[in-house]
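Number of protein chains: 2
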Amino acid sequence: MEEQPAYLYLQIAARIEKQIQDEVLRAGDKLPSVRTMCRELGHNMSTITQAYYELESRSLIETRPRSGYYVCLTPGRRLAIPSSSSPSSKDAKGNPDDLISKVHQDSTNPDITLLSLGVPDTSLLPVAKLNKAMVHAMRSLPGSGTSYDQVQGNEKLRKEIAKWSITWGGNLNEKDLVTTSGCMNAVAYCLLTLTQRGDTIAIESPAYFGILQLAKGMGLKVLEMPTNASTGIEIEALKKALSKDKIKVCILVSNFNNPCGSSMPTEHKKEVVRLLEHYQVPLIEDDIYGDLYFGTSRPSTCKSFDESGIVLYCNSISKTLAPGYRVGWVAPGKYKDQLIRLKLNHSISSTTITSEVVADFLKNGRYENHLRKMRQTLYSNSIKYISAIARYFPEGTKVTQPQGGYFLWIELEKSIDTTLLYDQAIKYNISIAPGRMFTLQEQFDNCLRLSFGLPWTGDLEKKIKLLGTLALQARL
Amino acid sequence: MEEQPAYLYLQIAARIEKQIQDEVLRAGDKLPSVRTMCRELGHNMSTITQAYYELESRSLIETRPRSGYYVCLTPGRRLAIPSSSSPSSKDAKGNPDDLISKVHQDSTNPDITLLSLGVPDTSLLPVAKLNKAMVHAMRSLPGSGTSYDQVQGNEKLRKEIAKWSITWGGNLNEKDLVTTSGCMNAVAYCLLTLTQRGDTIAIESPAYFGILQLAKGMGLKVLEMPTNASTGIEIEALKKALSKDKIKVCILVSNFNNPCGSSMPTEHKKEVVRLLEHYQVPLIEDDIYGDLYFGTSRPSTCKSFDESGIVLYCNSISKTLAPGYRVGWVAPGKYKDQLIRLKLNHSISSTTITSEVVADFLKNGRYENHLRKMRQTLYSNSIKYISAIARYFPEGTKVTQPQGGYFLWIELEKSIDTTLLYDQAIKYNISIAPGRMFTLQEQFDNCLRLSFGLPWTGDLEKKIKLLGTLALQARL
Numbered sequence: 001m002e003e004q005p006a007y008l009y010l011q012i013a014a015r016i017e018k019q020i021q022d023e024v025l026r027a028g029d030k031l032p033s034v035r036t037m038c039r040e041l042g043h044n045m046s047t048i049t050q051a052y053y054e055l056e057s058r059s060l061i062e063t064r065p066r067s068g069y070y071v072c073l074t075p076g077r078r079l080a081i082p083s084s085s086s087p088s089s090k091d092a093k094g095n096p097d098d099l100i101s102k103v104h105q106d107s108t109n110p111d112i113t114l115l116s117l118g119v120p121d122t123s124l125l126p127v128a129k130l131n132k133a134m135v136h137a138m139r140s141l142p143g144s145g146t147s148y149d150q151v152q153g154n155e156k157l158r159k160e161i162a163k164w165s166i167t168w169g170g171n172l173n174e175k176d177l178v179t180t181s182g183c184m185n186a187v188a189y190c191l192l193t194l195t196q197r198g199d200t201i202a203i204e205s206p207a208y209f210g211i212l213q214l215a216k217g218m219g220l221k222v223l224e225m226p227t228n229a230s231t232g233i234e235i236e237a238l239k240k241a242l243s244k245d246k247i248k249v250c251i252l253v254s255n256f257n258n259p260c261g262s263s264m265p266t267e268h269k270k271e272v273v274r275l276l277e278h279y280q281v282p283l284i285e286d287d288i289y290g291d292l293y294f295g296t297s298r299p300s301t302c303k304s305f306d307e308s309g310i311v312l313y314c315n316s317i318s319k320t321l322a323p324g325y326r327v328g329w330v331a332p333g334k335y336k337d338q339l340i341r342l343k344l345n346h347s348i349s350s351t352t353i354t355s356e357v358v359a360d361f362l363k364n365g366r367y368e369n370h371l372r373k374m375r376q377t378l379y380s381n382s383i384k385y386i387s388a389i390a391r392y393f394p395e396g397t398k399v400t401q402p403q404g405g406y407f408l409w410i411e412l413e414k415s416i417d418t419t420l421l422y423d424q425a426i427k428y429n430i431s432i433a434p435g436r437m438f439t440l441q442e443q444f445d446n447c448l449r450l451s452f453g454l455p456w457t458g459d460l461e462k463k464i465k466l467l468g469t470l471a472l473q474a475r476l
Numbered sequence: 001m002e003e004q005p006a007y008l009y010l011q012i013a014a015r016i017e018k019q020i021q022d023e024v025l026r027a028g029d030k031l032p033s034v035r036t037m038c039r040e041l042g043h044n045m046s047t048i049t050q051a052y053y054e055l056e057s058r059s060l061i062e063t064r065p066r067s068g069y070y071v072c073l074t075p076g077r078r079l080a081i082p083s084s085s086s087p088s089s090k091d092a093k094g095n096p097d098d099l100i101s102k103v104h105q106d107s108t109n110p111d112i113t114l115l116s117l118g119v120p121d122t123s124l125l126p127v128a129k130l131n132k133a134m135v136h137a138m139r140s141l142p143g144s145g146t147s148y149d150q151v152q153g154n155e156k157l158r159k160e161i162a163k164w165s166i167t168w169g170g171n172l173n174e175k176d177l178v179t180t181s182g183c184m185n186a187v188a189y190c191l192l193t194l195t196q197r198g199d200t201i202a203i204e205s206p207a208y209f210g211i212l213q214l215a216k217g218m219g220l221k222v223l224e225m226p227t228n229a230s231t232g233i234e235i236e237a238l239k240k241a242l243s244k245d246k247i248k249v250c251i252l253v254s255n256f257n258n259p260c261g262s263s264m265p266t267e268h269k270k271e272v273v274r275l276l277e278h279y280q281v282p283l284i285e286d287d288i289y290g291d292l293y294f295g296t297s298r299p300s301t302c303k304s305f306d307e308s309g310i311v312l313y314c315n316s317i318s319k320t321l322a323p324g325y326r327v328g329w330v331a332p333g334k335y336k337d338q339l340i341r342l343k344l345n346h347s348i349s350s351t352t353i354t355s356e357v358v359a360d361f362l363k364n365g366r367y368e369n370h371l372r373k374m375r376q377t378l379y380s381n382s383i384k385y386i387s388a389i390a391r392y393f394p395e396g397t398k399v400t401q402p403q404g405g406y407f408l409w410i411e412l413e414k415s416i417d418t419t420l421l422y423d424q425a426i427k428y429n430i431s432i433a434p435g436r437m438f439t440l441q442e443q444f445d446n447c448l449r450l451s452f453g454l455p456w457t458g459d460l461e462k463k464i465k466l467l468g469t470l471a472l473q474a475r476l
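Residue numbers (my numbering), protein chains in the order written: chain P, 1 to 476; chain H, 1 to 476.
Please note that the accuracy of each hint is not assured.
Said to hold, decoys possible - Pairs of lysine-lysine, DSS-like flavour, derived with a Cα cap of 25 Å:
id: 1; chain 1: P; residue 1: Lys129; chain 2: P; residue 2: Lys363
id: 2; chain 1: H; residue 1: Lys270; chain 2: H; residue 2: Lys239
id: 3; chain 1: H; residue 1: Lys90; chain 2: H; residue 2: Lys244
id: 4; chain 1: H; residue 1: Lys216; chain 2: P; residue 2: Lys334
id: 5; chain 1: H; residue 1: Lys102; chain 2: H; residue 2: Lys334
id: 6; chain 1: P; residue 1: Lys132; chain 2: H; residue 2: Lys246
id: 7; chain 1: P; residue 1: Lys216; chain 2: H; residue 2: Lys221
id: 8; chain 1: P; residue 1: Lys336; chain 2: H; residue 2: Lys334
id: 9; chain 1: P; residue 1: Lys465; chain 2: P; residue 2: Lys30
id: 10; chain 1: P; residue 1: Lys159; chain 2: H; residue 2: Lys465
id: 11; chain 1: H; residue 1: Lys175; chain 2: P; residue 2: Lys102
id: 12; chain 1: H; residue 1: Lys336; chain 2: H; residue 2: Lys373
id: 13; chain 1: H; residue 1: Lys334; chain 2: H; residue 2: Lys163
id: 14; chain 1: H; residue 1: Lys334; chain 2: P; residue 2: Lys102
id: 15; chain 1: H; residue 1: Lys156; chain 2: P; residue 2: Lys216
id: 16; chain 1: P; residue 1: Lys102; chain 2: H; residue 2: Lys90
id: 17; chain 1: H; residue 1: Lys216; chain 2: P; residue 2: Lys336
id: 18; chain 1: H; residue 1: Lys336; chain 2: H; residue 2: Lys18
id: 19; chain 1: H; residue 1: Lys132; chain 2: P; residue 2: Lys102
id: 20; chain 1: P; residue 1: Lys156; chain 2: H; residue 2: Lys102
id: 21; chain 1: H; residue 1: Lys102; chain 2: P; residue 2: Lys334
id: 22; chain 1: P; residue 1: Lys93; chain 2: P; residue 2: Lys246
id: 23; chain 1: H; residue 1: Lys132; chain 2: P; residue 2: Lys132
id: 24; chain 1: H; residue 1: Lys216; chain 2: P; residue 2: Lys221
id: 25; chain 1: P; residue 1: Lys363; chain 2: P; residue 2: Lys270
id: 26; chain 1: P; residue 1: Lys18; chain 2: P; residue 2: Lys159
id: 27; chain 1: P; residue 1: Lys216; chain 2: H; residue 2: Lys102
id: 28; chain 1: H; residue 1: Lys334; chain 2: P; residue 2: Lys216
id: 29; chain 1: P; residue 1: Lys216; chain 2: H; residue 2: Lys93
id: 30; chain 1: H; residue 1: Lys102; chain 2: P; residue 2: Lys175
id: 31; chain 1: H; residue 1: Lys334; chain 2: H; residue 2: Lys93
id: 32; chain 1: H; residue 1: Lys90; chain 2: P; residue 2: Lys129
id: 33; chain 1: H; residue 1: Lys462; chain 2: P; residue 2: Lys102
id: 34; chain 1: H; residue 1: Lys30; chain 2: H; residue 2: Lys463
id: 35; chain 1: H; residue 1: Lys159; chain 2: H; residue 2: Lys427
id: 36; chain 1: H; residue 1: Lys159; chain 2: P; residue 2: Lys248
id: 37; chain 1: P; residue 1: Lys129; chain 2: H; residue 2: Lys175
id: 38; chain 1: H; residue 1: Lys216; chain 2: H; residue 2: Lys239
If you are wondering where the hints come from, they were derived from the structure by calculation, not from laboratory data.
Construct the complete structure from the given sequences, taking the supplied hints into account.
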C-alpha cells in the first residue's frame, strides 16, 4: 500500500503532541534532530520536517537557529511578567548588608542548592580546554607568566577582546581597553575614577546588590530609577532625573540585567547615550551577560552608540568561562588615562597567566563555539525553571522571561516576605536571593531572584516544588 | 720534607689576597667552599679553614651562615651613608606623575637595562618548580580553579601564610588573613577602609612612589616624615606630629625600605606601635621585603608587637616568587570585617589557581629553600653594585648599605639633577629611578634609587660605569 504522506506527518506530530501532554517531553527539552528522526522512524526528511512545522505552527515546539527544535513553555499556565518598579526616594531604615552577608556565607556550604548566586556551574565551563590553554601559556609566556604584565593589560588579550567587540558593534581596538580583575573590579575602578564621596549615581531598580553595596561603601548617594522588568530603565524617568538632580554617573546593566533579566531595546540605548551626552554625565555600562543571548544575534550595547567617549564599557569572562581566573576589562572612553593610572596605583597589573589563557581561548573561534553550547543550555534551563515555577508556585506569582543571561525575577503576592522565605528554604538547603538584596529602599520584599545556572535535574525540580510549597505556606 | 702547616695556610691566604688585589676575585664574589679547596689543592680541611680565618680577621672576606665565604667590600674606598631626610611641610609645585609615567613607559622597552624598578629578574625565580605546582593545582582544584574562591581568600594559602608568620613573631592564624591581588592592592584596600578624602596620612620620606601616588589619587594629605637612611622613620618627629597634627593613618615599610633600604630597629618598632596605640592611629605596615634579609635571622615587624589590632600588615610574593601571579595578603587586625566587605565589593575574590600554587609552594619548606638562594644572590649583588658605585661614581657620592631587599639609595652632590641624569642615561638604554619620584615635595633632586635585582655581569658593570660618567658630566 502506498504511503499517504499527508496523514503520516500528522501521525508523527500527534505522537509528539501526546508525549508533550504526558510530560514525557517537557518545556525546554530538545527534540531529536530531523536527521535522527528519519533514521529512527525510517521516514524521509520532508515528512519529519512537515511534522515539526505542524507542531511549531501550533506553538507546541519552537525552532532555534543552529541548535534544533525545543518544546515550548506549556501553554497551560503562563505567568504574568512583573510590572515596572516605582522606587521612592526614601532610603530604607534597615540595610541589606547583613542579609547579603548571610546569603554569601550560606553559599560556601557545599550541601546547599545554590539558586541565589549567578555563578556558572562547573559543568557549563570548558575546563579541559582551558587547562590545555594553561599548559600552552606556561610554555609560551616569558618566565611562564611569573613576570608583571603591562599595566594596561595583556596585549594579546586586549587584541582578542577588541576583535570580539565587533559582535556588538563595538569597533574597539586594543588601545581602547584596560584589563581588570573581573567585571566588578572594572566597575569599581570606574567609580573611583569618576566620583567622590557625596556624589549621586543613577541606577536601575532593582539593581545588582554588588554595585549598590560598592556605591554605598564609597559614600555615594544612589538614585534608584523606575525600571521595566522587560525593557530596563524608564527613559522618561531618567530624563526627568537628569534635568532635576545632580547626577554624577549613571550605571546600567543594559543586556539581560541582573536581577531582572531585562534588556534595553536598541532605541532605548541610543536615547540614553544621547541624553547622557547632552547632560555630560558618563555612563558605566556593565555588559557581563551580553554574550549569553537566547535569540539569533548578539544585542547591541550603549557603547555601540557612544561617539564622544562618555561610556565606560565593563565586561568579563566570569559568567562564561572561568570566574576564578579574575579576568575582566573596561573600555573607559575618554577616561582611559585616568583609569590606567588608578589601576597602577591600586593593583599594578592583572594576573599574567590567566589573561594569556583567556586570550588564547578567544582565538580561533573557540569562545564562540563554547558560547553556542552554553547559550542553548541556559535557554533550555530558563524554560524548564519558568515552567516549574508556573507549575509549583502560588497563584498570583509573576516571573520575567529573559532573552538571555542567568536570572529570573519573581514577584510573589504582597503578603509573602521573601526574606522569611529564605530562612525557611535554607533549612532545606536551598538558597534563594530575596528581593531586599537588590535595593537600598523599602521595596521588593515580596520578590526574589532565581539563578538558572544549575543543570536541570529531577532533584532540582523537587527543590523548586518545595520552594513553591514554602511560598504558599508563607502566604497563609 | 715535612709540611709546615703554619706557613702553608699563610701561603694560601696570601694567594687569595693577591687575587683580591688583582680583582680576579671581587667584592661580593663567593669563595670556593672549604671542601672544594681541599680537593683542588690537596690540603686538609684545617689548613684551608685557617687560611679563611686569617683573611676574615683582616676583613678581606666574611663568612655567611649556611652559605660560605664572600669577598668583602674593597676597603679602598668606602662611601658615606646618606643623612636623614628633613622634608618641609610644603608641597612641591610640580608633581612627579609625569616622571613616574615616563619611567614606567620606558621600562616596557625590552632593550632597557632596568635599574629603575624593583622587579625580580626571572633568573631569580623558581619558574620550573612553580610550573610543576601549577599542573598539580589544575589536577587537584575542583573545576581546575575556574570557580570563585572564598571572598577572604584561598584557605590553604591563608593557613600556609599563618604558619610562615612565626618566622617574624606573627603568630597569626588563617582567620586573621585576607588575600589580595598583590601588596599594593592590600595597601589600597587598607586605605579605602580607613580613610576619606582630605584625611592626613604620615609616611617615611623618601617613600615608595606607588603609595604616594595612591594616596594623592584618593585625595589624602601626605605628611612626609624625617627618615634616617639606616633606621627608618625618626621616632621623635613622629611623636611630635602625632601630638600636633590630625593623623588618620600611618604607613611604614619597616624592613629594607623602598627606596632607602632602611630597617627599623626592633626597639623602634615597639615604640611606634606603643605611640600609635596611644593616639589610636592605625598603622599600615608594608613588609614586602622582610623575607629578603642578608643577616642571620628574619627581622621582626611592627605587627609582632601589636596587641590591640591596630596594625594592618601587608605582604605578597611579588618580590620573591612571581609578581605576575598577583598574590598578596593583609592581616587587617580589628579592621578585618570591614576589609573583607570592601574586597567583596571591589573585586569579589582573588585568582583561584595562582593562590593555590603559592599555597602549595609554601608547603614543605620549598619557599624557605628558594629564599635561601635568593637572599645570597641579592646580598652578593648588593656588594658588587655598591663596590662599582664606589669605583665609578663621582666624589661625594653617598650610598646606603641595606641589610636586605632590592634597593640602593644614592645621594649625589647637590649640583647633580637626577631627573636630567635619567634623560641622559635612557639614551644609552639605562633606566634609573630619580629621587623626585619618591616625594611630593621639593627634595631628593640629587638622589636616585638603584635596584640590584638584575644579575651581575661584565656588561652591567659597564652600564654602572657609564652611569658614573654621566653623573660626573652632569656635575660640570
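Results of checking the hints against the structure:
1. The hinted pair formed by lysine 129 (chain P) and lysine 363 (chain P) meets the criterion: a straight-line CA distance of about 13 Å does not exceed 25 Å.
2. Between lysine 270 (chain H) and lysine 239 (chain H) the CA atoms are separated by roughly 13 Å; this keeps the pair inside 25 Å, and the hint holds.
3. For the given pair, lysine 90 (chain H) sits about 17 Å from lysine 244 (chain H) by alpha-carbon distance, which is consistent with the 25 Å threshold.
4. Only pairs whose Cα atoms come within 25 Å are accepted, and lysine 216 (chain H) paired with lysine 334 (chain P) is accepted, the gap being roughly 21 Å.
5. Between lysine 102 (chain H) and lysine 334 (chain H) the CA atoms are separated by roughly 39 Å; this puts the pair beyond 25 Å, and the hint is violated.
6. Of the supplied pair hints, the one linking lysine 132 (chain P) and lysine 246 (chain H) is violated, its CA atoms being roughly 55 Å apart against a limit of 25 Å.
7. Of the pairs offered as hints, the one joining lysine 216 (chain P) and lysine 221 (chain H) holds, with about 23 Å between alpha carbons and a cut-off of 25 Å not exceeded.
8. Among the hinted pairs, lysine 336 (chain P) with lysine 334 (chain H) is inconsistent with the structure: their alpha-carbon atoms are about 36 Å apart, more than 25 Å.
9. At most 25 Å may separate the alpha-carbon atoms for a hinted pair to count; lysine 465 (chain P) and lysine 30 (chain P) meet this at roughly 23 Å.
10. Between lysine 159 (chain P) and lysine 465 (chain H), the direct Cα distance comes to roughly 41 Å. Violation of the 25 Å bound is thereby established for this hinted pair.
11. Between lysine 175 (chain H) and lysine 102 (chain P) the alpha-carbon distance is near 18 Å, which keeps this suggested pair within the 25 Å criterion.
12. For the suggested pair lysine 336 (chain H) and lysine 373 (chain H), the alpha carbons sit about 35 Å apart, so the restraint of at most 25 Å is broken.
13. For the hint pairing lysine 334 (chain H) with lysine 163 (chain H), the CA-to-CA distance comes to about 20 Å; that is within 25 Å, so the pair holds.
14. As the CA atoms of lysine 334 (chain H) and lysine 102 (chain P) are separated by approximately 21 Å, the hinted pair is consistent with the 25 Å bound.
15. For the suggested pair lysine 156 (chain H) and lysine 216 (chain P), the alpha carbons sit about 32 Å apart, so the restraint of at most 25 Å is broken.
16. For the given pair, lysine 102 (chain P) sits about 48 Å from lysine 90 (chain H) by alpha-carbon distance, which is inconsistent with the 25 Å threshold.
17. Taking the CA atoms of lysine 216 (chain H) and lysine 336 (chain P), the gap is about 18 Å. The hint holds against a cut of 25 Å.
18. Of the supplied pair hints, the one linking lysine 336 (chain H) and lysine 18 (chain H) is violated, its CA atoms being roughly 59 Å apart against a limit of 25 Å.
19. With a C-alpha separation of about 38 Å, the suggested pair lysine 132 (chain H) and lysine 102 (chain P) falls outside the 25 Å cut-off, and the hint is violated.
20. Taking the CA atoms of lysine 156 (chain P) and lysine 102 (chain H), the gap is about 23 Å. The hint holds against a cut of 25 Å.
21. Of the supplied pair hints, the one linking lysine 102 (chain H) and lysine 334 (chain P) holds, its CA atoms being roughly 21 Å apart against a limit of 25 Å.
22. For the hint pairing lysine 93 (chain P) with lysine 246 (chain P), the CA-to-CA distance comes to about 24 Å; that is within 25 Å, so the pair holds.
23. Taking the CA atoms of lysine 132 (chain H) and lysine 132 (chain P), the gap is about 15 Å. The hint holds against a cut of 25 Å.
24. Between lysine 216 (chain H) and lysine 221 (chain P), the direct Cα distance comes to roughly 23 Å. Compliance with the 25 Å bound is thereby established for this hinted pair.
25. With a CA separation close to 30 Å, the supplied pair lysine 363 (chain P) and lysine 270 (chain P) exceeds the 25 Å bound.
26. As the CA atoms of lysine 18 (chain P) and lysine 159 (chain P) are separated by approximately 52 Å, the hinted pair breaks the 25 Å bound.
27. About 36 Å separates the Cα atoms of lysine 216 (chain P) and lysine 102 (chain H), which puts this hinted pair outside 25 Å; it is violated.
28. Among the hinted pairs, lysine 334 (chain H) with lysine 216 (chain P) is consistent with the structure: their alpha-carbon atoms are about 21 Å apart, no more than 25 Å.
29. For the given pair, lysine 216 (chain P) sits about 35 Å from lysine 93 (chain H) by alpha-carbon distance, which is inconsistent with the 25 Å threshold.
30. With a C-alpha separation of about 18 Å, the suggested pair lysine 102 (chain H) and lysine 175 (chain P) falls inside the 25 Å cut-off, and the hint holds.
31. Of the pairs offered as hints, the one joining lysine 334 (chain H) and lysine 93 (chain H) is violated, with about 38 Å between alpha carbons and a cut-off of 25 Å exceeded.
32. Note on lysine 90 (chain H) and lysine 129 (chain P): the hinted pairing is violated, with a Cα-Cα distance of about 57 Å set against a maximum of 25 Å.
33. Restraint check for lysine 462 (chain H) and lysine 102 (chain P): not satisfied, since their Cα atoms lie roughly 62 Å apart, outside the 25 Å limit.
34. With a C-alpha separation of about 22 Å, the suggested pair lysine 30 (chain H) and lysine 463 (chain H) falls inside the 25 Å cut-off, and the hint holds.
35. As the CA atoms of lysine 159 (chain H) and lysine 427 (chain H) are separated by approximately 48 Å, the hinted pair breaks the 25 Å bound.
36. Between lysine 159 (chain H) and lysine 248 (chain P), the direct Cα distance comes to roughly 43 Å. Violation of the 25 Å bound is thereby established for this hinted pair.
37. Distance check on the hinted pair: lysine 129 (chain P) and lysine 175 (chain H) sit about 35 Å apart at the alpha-carbon level, beyond 25 Å; violated.
38. At most 25 Å may separate the alpha-carbon atoms for a hinted pair to count; lysine 216 (chain H) and lysine 239 (chain H) meet this at roughly 24 Å.
In terms of the numbered hints stated before, the structure departs from hints 5, 6, 8, 10, 12, 15, 16, 18, 19, 25, 26, 27, 29, 31, 32, 33, 35, 36 and 37, listed from lowest to highest.
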